[in-house]
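Take these sequences, add in the hints, and give me the full structure.
Chains as they are written, first to last, in my numbering: chain R, 241 to 762; chain Z, 241 to 762.
Honestly, the hints are just simulated from the structure, not real lab data.
You may find that some hints are simply not true.
No copy labels: a pair is met if it fits in one copy or bridges any two.
As the list claims (entries may be wrong) - With a cut-off of at most 30 Å between alpha-carbon atoms, the simulated DSS-like pairs for lysine-lysine come out as follows:
(1) K477 / K704
(2) K365 / K701
(3) K630 / K347
(4) K359 / K477
(5) K347 / K540
(6) K675 / K729
(7) K332 / K401
(8) K734 / K347
(9) K315 / K390
(10) K347 / K550
(11) K550 / K700
(12) K390 / K307
(13) K535 / K359
(14) K347 / K401
(15) K734 / K757
(16) K390 / K701
(17) K700 / K564
(18) K347 / K304
(19) K550 / K701
(20) K365 / K477
(21) K729 / K490
(22) K347 / K704
(23) K307 / K734
(24) K756 / K704
(25) K307 / K347
(26) K550 / K729
(27) K390 / K700
Number of protein chains: 2
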Amino acid sequence: MTMLTMSCVRVCSALTAFRMATRVRSLHSVPGITVAQIDEEVAKLLELKAQLGGDDGKHQFVLKTPKGTRDYNPKQMAIREKVFNTIISCFKRHAAETIDTPVFELKETLTGKYGEDSKLIYDLKDQGGELLSLRYDLTVPFARYLAMNKITNIKRYHIAKVYRRDNPAMTRGRYREFYQCDFDIAGQYDAMIPDAECLKIVHEILSELELGDFCIKVNDRRILDGMFAVCGVPDDKFRTICSTVDKLDKMPWEDVKKEMVNEKGLSEEAANQIGEYVSMQGGMDLAERLLQDPKMSQSKQACAGLSDVKLLFSYLQLFQVTDKVVFDLSLARGLDYYTGVIYEAVLTQAGVAPATNETQNGANAEESVSVGSVAGGGRYDGLVGMFDPKGRKVPCVGVSIGIERIFSIMEQKAEASAEKVRTTEVQVMVVSAQKNLLEERLRLITELWNAGIKAEVMYKKNPKLLSQLQHCEESGIPLVAILGEQELKDGVVKLRVVATREEVDISRADLISEIKKRTSDA
Amino acid sequence: MTMLTMSCVRVCSALTAFRMATRVRSLHSVPGITVAQIDEEVAKLLELKAQLGGDDGKHQFVLKTPKGTRDYNPKQMAIREKVFNTIISCFKRHAAETIDTPVFELKETLTGKYGEDSKLIYDLKDQGGELLSLRYDLTVPFARYLAMNKITNIKRYHIAKVYRRDNPAMTRGRYREFYQCDFDIAGQYDAMIPDAECLKIVHEILSELELGDFCIKVNDRRILDGMFAVCGVPDDKFRTICSTVDKLDKMPWEDVKKEMVNEKGLSEEAANQIGEYVSMQGGMDLAERLLQDPKMSQSKQACAGLSDVKLLFSYLQLFQVTDKVVFDLSLARGLDYYTGVIYEAVLTQAGVAPATNETQNGANAEESVSVGSVAGGGRYDGLVGMFDPKGRKVPCVGVSIGIERIFSIMEQKAEASAEKVRTTEVQVMVVSAQKNLLEERLRLITELWNAGIKAEVMYKKNPKLLSQLQHCEESGIPLVAILGEQELKDGVVKLRVVATREEVDISRADLISEIKKRTSDA
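This is the structure in C-alpha cells:
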C-alpha cells in the first residue's frame, strides 16, 4: 500500500519533469531531444500512472518515517523507559554526571575521526551559514566538549540518538537513527582503575537487564600491534590485518587466514603465527604466560599491554566480575581512536526469560533475535588532543551500551509474556454509576490530582459504567472510584479493586490516604 | 579568540582556492584572469593572514557548537532533569502515555504546515535517497503518527528537541535547537473537557515550578474570525489582520491600529471596532455579555466560540484554576492549524524566589530574564485529516511547554542562590587514611555498589586523606567511609558525616543498612 503510494508520487514527479522539459523545448529548442520522443515518454508514464491508480486531484502524502528510522509507540516507550532507568541508575551509582550536546556538529568537527565510515555521516543542506553534520557517535562530541571547555577530568554519561547512513539489514535492532548510552572517564589517573570500573558497569547493567548469559571479551591495542610486529606483519599492514582479525567472530579461522594471505598479501608463515595467538583465551594466567612467551616478550608494546591486562584482572577480581570477563586475543575493535584496553560484551545465548510463570514461552521467541555485541569500548588517550589547539592530551576510557538490540530483546520478551505492558501509571479511574454526574467526577478528580494521585476520567458527559470499568481492565488501572447518587448523599466513594472486584465505601475525607496506601508499591 | 581562529581558517581556504586557480591557469589558460591578478590577490590574503597569526602547519579546529545551539554542562543537566521530572510527573498524573518519533521526517511531511515559517526548516543534504528535514515542532509528527497508525484517540506526551533556522536574538533562552514538552489529547469527545484539562496541566506545572505569578490567556479562533467579520474586515484580510492583532502584547494599540490602516489598508472604522473588542478581558461573564452583544451575536461562528468559552470556564471552576485564566480577545496565536480554543501562558513578574534564606539575592538576578510566553496551545481539528488519504479527521487539542525559557529562569535562580547544585547523587565516598589501601577501598566499594549504594572512590593508589575529604565537600557528598589499618583490624569502617564532621565506627556488617538509613531522604 505504502509502496504503491510512493511509486505514484515518483511517477507524478517524473511527469512534471517531462512537462517542464516540453515547455523548455518549445521556448529554447533543447538540442538532442525531439518533441516526439518526449510525447512518447509521457504516454508511457501516463499509462503506468493509470495502472497505479487514478489522479483524484489531491496530493497523496507518503505516510512513513524515513528509511532506517521508526516511531516508538507507547508500549515500546514503556520498555525503553525501563531499560533507561536501569542503565541510568547504574551510571549514577558510579558517581557519573551527565552532559548533552547538539544533535549536529560543525562538519569539520567530525572530519578525520571515523576513517572509511565517514561516508555514512548525514550532512545538512547548505542553506547559508555553517556546514553541519548529524553526530555519528557521542565520543567525538564528548572530546570536542572537553577540549572546548578545557576540562581535564570528568566522569560523565550521555544518552542520546546518533545517526549513520548505513544500509542496515532489515533485521530487528539495527537503525539509521539509534540510541547510544555512553559512560566515559576522562583524566590522568593510576593505570587500569577507571578501565576496570567500565567493565564493572557493563557487568552490572547486563546482569540487571536479565538478558541471559553474557561474556565480556578484553584485549589491548598494544598487544595486537605487538603481536603483528613479532609475527612479521609489515608496519603498513597492521590496520588492514587487524580488520581481518576482527572478522573472527563471524568467519572460521581458515577463511580469515585465506583473506590475509590471498587478499592482503601476508606470508603464510606470518598468518599461521597470528593464528596461534588469536585462538588464545584466558584470564590473568594467559597474560602472565604471554609475558614469558619468547616471541611476544620481544615487543615492548605487547609487554606494556600484557602488564596492564594483568593489573586490570587484579582489579576485576576485587570488583567480583571475573566470572564473565575473558582475555581474548582475537578481539580487535574497528575504531581508529583506541590506544589501549578494548572490550566488547556479547550475549552468549538467546535471552533467558526471567523466573516467572508468565514468560515460559519467552525462550522460543527470543531465539529469533540474533545474538551479538551489546556493549563495547576502550581507552582512547589521543582523541581530545586532536581538538586542543596545543595538542594537550586528556586520557579517556569509556563504554557504549548498544541499546537498540537490548530494546529488541526486551520487546520480544514482552510480546511472548502474558503480562501486559502498562503504558500509563494511572492509579485510579474516577467513574460514575448514573447519568449527569460529570461535574461531580471532575470535582473529585481535581481533589485527587491536587493530592498528587495519578487519575483518569472519561471525557464524556454520560459514559456507561461498563465501558468505564472495561477501560480499567484493558489498561491495567488497579483502582476505581465510583460515584453515584447514594454515595454523594452518604459523603462516600465506592472504591473498587479491579483485580478482585471487591468494593468498599470510603469516606471522602479518607479517600486520598486510602488510595495512597493501596498503591504504595505500584 | 574563536572568531580569530574562524577567520584564519577562512583565509586558509581562500588561499588554497587561489593556489589551485594558479595551477589551473598554468595548465589550461583560464580566460579572463591573469597570473598577475592572482598574485596580487594572494599577496593581499597573505598579508591578512599574517595579521591574524602565523601558520604553524597544523589544522586549526574551530572549537564551537553550531550557531544557535549549546552544550548542557552537568549543572545545567541537573536543573534540566529537575524541570523535566516536574513536567513528566504532571503528564503522568494526567494519565498520558508517551511516544517518540525520528528527529527528521520526509520533507514533504512538513510541507504546507507552517506557512511563511517554512523557510526556517532545516533540510538535510541530498545524499541519494529520500529528501529529509529536521522536525520543526512535535505537533506535525504527532499528526503524521496518528494518520499512519490509524489511531483515533490517544492522550500522549512527547518531550524532544525541535529545530528552527531562526536568527534568535542573543538573549538567553532562545535557540535554533530547543526542547518542546507537548501534551495532546486526540479523539472525538464531549466539548471542552479535554481542552479544560490542558489548561489544568499548565496551571499545575507553572505552579509547581515556582516561576512566580503567571496568567493563562484564552481565546478562540472562531471568536476572532467572527469578530473580524462583524467589524467589517474583508474575508481575505482575516489572516493578516490577525497577525497584526497578535502584536498587541509587544506594541501599544495606537501602533497596531496604524499598521492595520496604513499598511494593511483596513478602514479606520473597522480598526476602531476591533480596538474596542480586543481591549476586553474577563471570565465567563465576558463570554455571556458578548453573546448578548448586538454586533458579535450576528456571527454564528463567534457565538459557537463564545458558548464553548463559557462551557470551558465552567469546567475550569471545577478544576480550581480560574484564578489564573483570563478570557482575552487580543490573543491571536500565529500557527495556521488552530481551529478552536487557543491559549498562552505568560509570566507576569520576574520569577519569585522560593522561600528560603539562601535565595534572597534571587529577585535581582531574575529581573534580567525577559518575561514572556512559557506555554501555548489550542485545538487543531483539521491537521490529522491533512495526512489521512481519505481526509478522515481526528479532533485534537494540546499544549506545548516552552522549556528553554524556564531553564534560563531556573539557571539564573540557581546562580543567585547560595545553595549548590549537585551534579551527582553520590551518597558515600570510600576513602583511606593511610597508604597501600587501594585494594581494601575497591573491595569495600564493590560491597556498596552491589547493595545499590551510590558510591565513589578516587582513581589513585595513594590519594591524600585531605584531598579525598575536600572532594566530598566540593561535590556535596554527605557521607565518607574511612578505612585505615586500625579499622581493618577491628572489622569496622569509620563513617563521617561531612556536614557536621561527626565520626562514628560502624561494623562492616551494619555499614550498608546504616548508610541507607542516613541517606533515605537524600
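Okay, the hints, checked on the actual structure:
1. K477 / K704: neither (75 Å within a copy, 46 Å between copies)
2. K365 / K701: neither (51 Å within a copy, 51 Å between copies)
3. K630 / K347: within (21 Å within a copy, 42 Å between copies)
4. K359 / K477: within (22 Å within a copy, 50 Å between copies)
5. K347 / K540: neither (38 Å within a copy, 56 Å between copies)
6. K675 / K729: within (15 Å within a copy, 75 Å between copies)
7. K332 / K401: both (20 Å within a copy, 24 Å between copies)
8. K734 / K347: neither (63 Å within a copy, 53 Å between copies)
9. K315 / K390: between (42 Å within a copy, 16 Å between copies)
10. K347 / K550: neither (40 Å within a copy, 54 Å between copies)
11. K550 / K700: For K550 and K700, only the inter-copy Cα distance (18 Å) is at most 30 Å; the intra-copy one is 69 Å.
12. K390 / K307: between (39 Å within a copy, 20 Å between copies)
13. K535 / K359: This pair counts as neither: shortest intra-copy Cα distance 39 Å, inter-copy 65 Å.
14. K347 / K401: Intra 17 Å, inter 20 Å, cutoff 30 Å: intra and inter.
15. K734 / K757: within (16 Å within a copy, 38 Å between copies)
16. K390 / K701: between (61 Å within a copy, 25 Å between copies)
17. K700 / K564: So K700 and K564 pass the 30 Å test across copies only (25 Å; inside, 56 Å).
18. K347 / K304: both (28 Å within a copy, 11 Å between copies)
19. K550 / K701: between (72 Å within a copy, 16 Å between copies)
20. K365 / K477: Classified as neither; 37 Å inside a copy, 35 Å across copies.
21. K729 / K490: neither (73 Å within a copy, 52 Å between copies)
22. K347 / K704: neither (59 Å within a copy, 44 Å between copies)
23. K307 / K734: The answer is neither: 51 Å in one copy and 58 Å across copies each exceed 30 Å.
24. K756 / K704: Only inside one copy: K756 and K704 sit 27 Å apart there, 48 Å across copies, limit 30 Å.
25. K307 / K347: Result: close both inside a copy and across copies, 22 Å intra and 13 Å inter.
26. K550 / K729: Close across copies (29 Å), not inside one copy (77 Å); limit 30 Å.
27. K390 / K700: between (58 Å within a copy, 22 Å between copies)
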